[in-house]
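Colleague: Here is how the chains run, residue by residue.
Protein chains: 2
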Amino acid sequence: MGLVVQKYGGTSVKDAQRVNNVAARIVEAYDAGNNVVVAVSAQGDTTDDLIEKAKEINENASKREMDMLLATGEQISIALLAMAIEKLGRPVVSLTVWQAGFMCDTNYSAARINKINTQRIQNELDRRRIVIVAGFQGINKYDDITTLGRGGSDTSAVALAAALGADICEIYTDVDGVYTADPRFVKNAKKLDDISYDEMLELASLGANVLHNRSVEMAKKYHVKLAVKSSLTREEGTYVKEVDQVEKMLVRGVTRDNDCARVALCGVEDTPGKAYTIFSLLSKKNIGVDLIIQSIGRSGKKDISFTVAEGDLPAVLQILDDNRDTIKADEIVSTTEVSKVSIVGAGMVNNAGVATTMFEALYNAHININMIATSEIKISVLVDRKDAERAVVAIHDKFMLD
Amino acid sequence: MGLVVQKYGGTSVKDAQRVNNVAARIVEAYDAGNNVVVAVSAQGDTTDDLIEKAKEINENASKREMDMLLATGEQISIALLAMAIEKLGRPVVSLTVWQAGFMCDTNYSAARINKINTQRIQNELDRRRIVIVAGFQGINKYDDITTLGRGGSDTSAVALAAALGADICEIYTDVDGVYTADPRFVKNAKKLDDISYDEMLELASLGANVLHNRSVEMAKKYHVKLAVKSSLTREEGTYVKEVDQVEKMLVRGVTRDNDCARVALCGVEDTPGKAYTIFSLLSKKNIGVDLIIQSIGRSGKKDISFTVAEGDLPAVLQILDDNRDTIKADEIVSTTEVSKVSIVGAGMVNNAGVATTMFEALYNAHININMIATSEIKISVLVDRKDAERAVVAIHDKFMLD
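Chains as they are written, first to last, in numbering that gives the first Met the number 0: chain A, 0 to 401; chain B, 0 to 401.
Take these hints with a grain of salt, some might be off.
[Stated by the list, open to error] With a straight-line Cα cutoff of 27 Å, these simulated DSS-like cross-link-like pairs (lysine-lysine) come out:
{"hint": "1", "chain 1": "B", "residue 1": "Lys13", "chain 2": "A", "residue 2": "Lys54"}
{"hint": "2", "chain 1": "B", "residue 1": "Lys283", "chain 2": "B", "residue 2": "Lys300"}
{"hint": "3", "chain 1": "A", "residue 1": "Lys186", "chain 2": "A", "residue 2": "Lys327"}
{"hint": "4", "chain 1": "B", "residue 1": "Lys283", "chain 2": "B", "residue 2": "Lys240"}
{"hint": "5", "chain 1": "B", "residue 1": "Lys190", "chain 2": "B", "residue 2": "Lys62"}
{"hint": "6", "chain 1": "B", "residue 1": "Lys284", "chain 2": "A", "residue 2": "Lys86"}
{"hint": "7", "chain 1": "A", "residue 1": "Lys240", "chain 2": "A", "residue 2": "Lys189"}
{"hint": "8", "chain 1": "B", "residue 1": "Lys13", "chain 2": "B", "residue 2": "Lys52"}
{"hint": "9", "chain 1": "A", "residue 1": "Lys54", "chain 2": "B", "residue 2": "Lys52"}
{"hint": "10", "chain 1": "A", "residue 1": "Lys13", "chain 2": "B", "residue 2": "Lys54"}
{"hint": "11", "chain 1": "B", "residue 1": "Lys240", "chain 2": "B", "residue 2": "Lys140"}
{"hint": "12", "chain 1": "B", "residue 1": "Lys52", "chain 2": "A", "residue 2": "Lys86"}
{"hint": "13", "chain 1": "B", "residue 1": "Lys13", "chain 2": "A", "residue 2": "Lys62"}
{"hint": "14", "chain 1": "A", "residue 1": "Lys273", "chain 2": "A", "residue 2": "Lys240"}
{"hint": "15", "chain 1": "A", "residue 1": "Lys13", "chain 2": "B", "residue 2": "Lys13"}
{"hint": "16", "chain 1": "A", "residue 1": "Lys54", "chain 2": "B", "residue 2": "Lys86"}
{"hint": "17", "chain 1": "B", "residue 1": "Lys62", "chain 2": "A", "residue 2": "Lys13"}
{"hint": "18", "chain 1": "B", "residue 1": "Lys13", "chain 2": "B", "residue 2": "Lys284"}
{"hint": "19", "chain 1": "A", "residue 1": "Lys62", "chain 2": "B", "residue 2": "Lys327"}
{"hint": "20", "chain 1": "B", "residue 1": "Lys385", "chain 2": "B", "residue 2": "Lys186"}
{"hint": "21", "chain 1": "A", "residue 1": "Lys140", "chain 2": "A", "residue 2": "Lys114"}
{"hint": "22", "chain 1": "A", "residue 1": "Lys52", "chain 2": "B", "residue 2": "Lys385"}
{"hint": "23", "chain 1": "B", "residue 1": "Lys54", "chain 2": "A", "residue 2": "Lys86"}
{"hint": "24", "chain 1": "A", "residue 1": "Lys13", "chain 2": "B", "residue 2": "Lys52"}
{"hint": "25", "chain 1": "B", "residue 1": "Lys283", "chain 2": "B", "residue 2": "Lys327"}
[Claimed, not checked] Per the computed footprint, the stretches of chain B lying under chain A, defined by three or more beta-carbons under 8 Å from a beta-carbon of chain A, are:
{"hint": "26", "stretch": "10-24"}
{"hint": "27", "stretch": "46-60"}
{"hint": "28", "stretch": "77-91"}
[Unchecked claim] Computed, partial: chain B to chain A, Cβ under 7 Å:
{"hint": "29", "residue": "Met67"}
{"hint": "30", "residue": "Leu68"}
{"hint": "31", "residue": "Thr71"}
Hints in this document: simulated from the structure, not taken from any laboratory. Even glycine gets a Cβ: it sits at the ideal position worked out from N, Cα and C.
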């Protein structure tokens, strides 16, 4: 008998029929002799509807009260899912996060899980009950409800799997696994059978939209074996785990991330500490900077370009404007019409030819490269947003079909 | 500085505008220098919508999971109301029942409050925060959520007022007080300035639909002064409190209750213990019997008639049928086309003429009386349902206009 943790996202439980479908899947795992713990998200558009309700009353509601409000979404899901399992005649109990012991820090709306006090869950499992836990949320030291931020239910599931020592953590979503590229616009994208944590991390943070990167970080840290599967099909899915040997496939995936904006500071004084000054201003406001390029200085001036998340752009421009006397740039220009296209693969670090092949693919497709950044297992380029899908297809074809 | 507990029902917070209106009322009490604790119900049709969602999945869901589901309704309300108060710039915190310490028994869907651990609420009040608590629910010894059943939010408010030693518990609803009769069909019904707990109890349990009787019982037990007011007007409302002297007005109210059904067992053997046998069968199934009439036996047979809540009738008929060999009635007849019309007033016990006046009013209106029951402070008659409103008007006119 094993212990299986499953996670179902909002689209997987969006209506009664989908809830019944998920209940049947859970019962299947239970009837196979496993103990089953499930983390579930709010149904379909519930969270958005609740945010809308809040905005009608107060555009600037405190995060504490927003979390109090949003937490109801998952509570509805766990109760309905438990009812569907009751109908199938299996013993089941739904648990909120305070019942399930999800202890978090005090960052409302973006909390991190510190610990799970698993006693209640363990008691329920000992009675051979299926346990349904509210995803996306936790309790802090003040006994207040917090939410975990985007993709939080993935993290809930991985944290449960880690705390309970589960044999596997299955993430059910509306795609049937991790692909070499987005199958919506890359026709010959292939599903990966398995992928390493590090590769998945790069794919997750690069906009692959399958698993949230915090959940992958946690899975790596606690050696939780992940499976990404579709809740609607019976396909095998993709396993995320420690990969012992370098795989034959150099490049595991090509991704596109439209959530970026580029800022260029032109004609900044070429004195020491300039970059530090600028980026510490941003980090003080919790704004993460992604790609950075600094031009070689000439005649005592240089250009500094960087990318940020698109939503952060107004705040960035405000900060730069507030500090224009310190920064002293000739000109500040920005655009959101850019996308980041990346290739990821644990094997590429030892293969100098990988970058060349990527650039060649873009050259052949007449796509201009704005910025370049490389790490051990990824190469990212910034291209015009209008070219991004073509860039992914061109790179994917070059690597996957070769 | 006083301590005020307020309760707002579902219609009082049904949309953003109403929530803002309630927030303004609360702030008014707070700005007058009071500490304010508020119990609030789920918005408008939220509870019904959630029940509908549950039925779509499982018609026979466990009460535990139903309570888990329904509890989200009040959690949405408290968060939204807190946000509206934040917008008005006053310090506020919303609390679920596990945060507010509402300890209940283990009767899911019909729990009773055992105790409120007020420490958290007291801490928040000490910081001069307005405290918004989820009505209608509690926590049991297993750390599970329970709900208090119909009218539960009234009980939540009274329990808070009792536990905190509040100066007053204000129940805001969609009527502006307790009337001598239902103002929807008795045009000259008058609002009462005050009423005793006992009178209010009879009115509440007789279908006056203003305050739930459990809340009045609790208010009486713990000497909580209640005020019933409209959340939409500035009318003074009605105070429910210990009344020291017998009021001048003999009859305080006339009520109609359509939630009844009459069952008649005709030609039952006239032997000792017959009534006991029948009613113990019903009480074993938790079915409450209201009015009972037993005819004088003749030729060894008698008739027994009684009333039950309309919803219990199918179960009653089933029980009688299952035990027909024990009961041995010639015939069992039942109808739901009856209503109970009652007059309530602490003064009537010493006035033999009250019953006569009531019967005279019905006689003048050509309304037939089916059954009669009297207690110290009320007289009830069963009439045909089609005559019930006319009966209320006739009785009300007779007493109130005389």
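Colleague: For every hint, state whether the structure bears it out.
Modeller: Okay, the hints, checked on the actual structure:
no.	hint	result
1	Lys13(B) to Lys54(A)	holds (16 Å)
2	Lys283(B) to Lys300(B)	holds (26 Å)
3	Lys186(A) to Lys327(A)	violated (48 Å)
4	Lys283(B) to Lys240(B)	violated (35 Å)
5	Lys190(B) to Lys62(B)	violated (39 Å)
6	Lys284(B) to Lys86(A)	holds (25 Å)
7	Lys240(A) to Lys189(A)	holds (19 Å)
8	Lys13(B) to Lys52(B)	holds (19 Å)
9	Lys54(A) to Lys52(B)	holds (25 Å)
10	Lys13(A) to Lys54(B)	holds (16 Å)
11	Lys240(B) to Lys140(B)	violated (33 Å)
12	Lys52(B) to Lys86(A)	holds (14 Å)
13	Lys13(B) to Lys62(A)	holds (23 Å)
14	Lys273(A) to Lys240(A)	violated (41 Å)
15	Lys13(A) to Lys13(B)	holds (25 Å)
16	Lys54(A) to Lys86(B)	holds (11 Å)
17	Lys62(B) to Lys13(A)	holds (23 Å)
18	Lys13(B) to Lys284(B)	violated (37 Å)
19	Lys62(A) to Lys327(B)	violated (67 Å)
20	Lys385(B) to Lys186(B)	holds (19 Å)
21	Lys140(A) to Lys114(A)	holds (11 Å)
22	Lys52(A) to Lys385(B)	violated (43 Å)
23	Lys54(B) to Lys86(A)	holds (11 Å)
24	Lys13(A) to Lys52(B)	holds (12 Å)
25	Lys283(B) to Lys327(B)	holds (20 Å)
26	10-24	holds (count 3)
27	46-60	holds (count 8)
28	77-91	holds (count 8)
29	Met67	holds (4 Å)
30	Leu68	holds (4 Å)
31	Thr71	holds (4 Å)
Hint compliance for this structure: hints 3, 4, 5, 11, 14, 18, 19, 22 are not met, and every other hint is.
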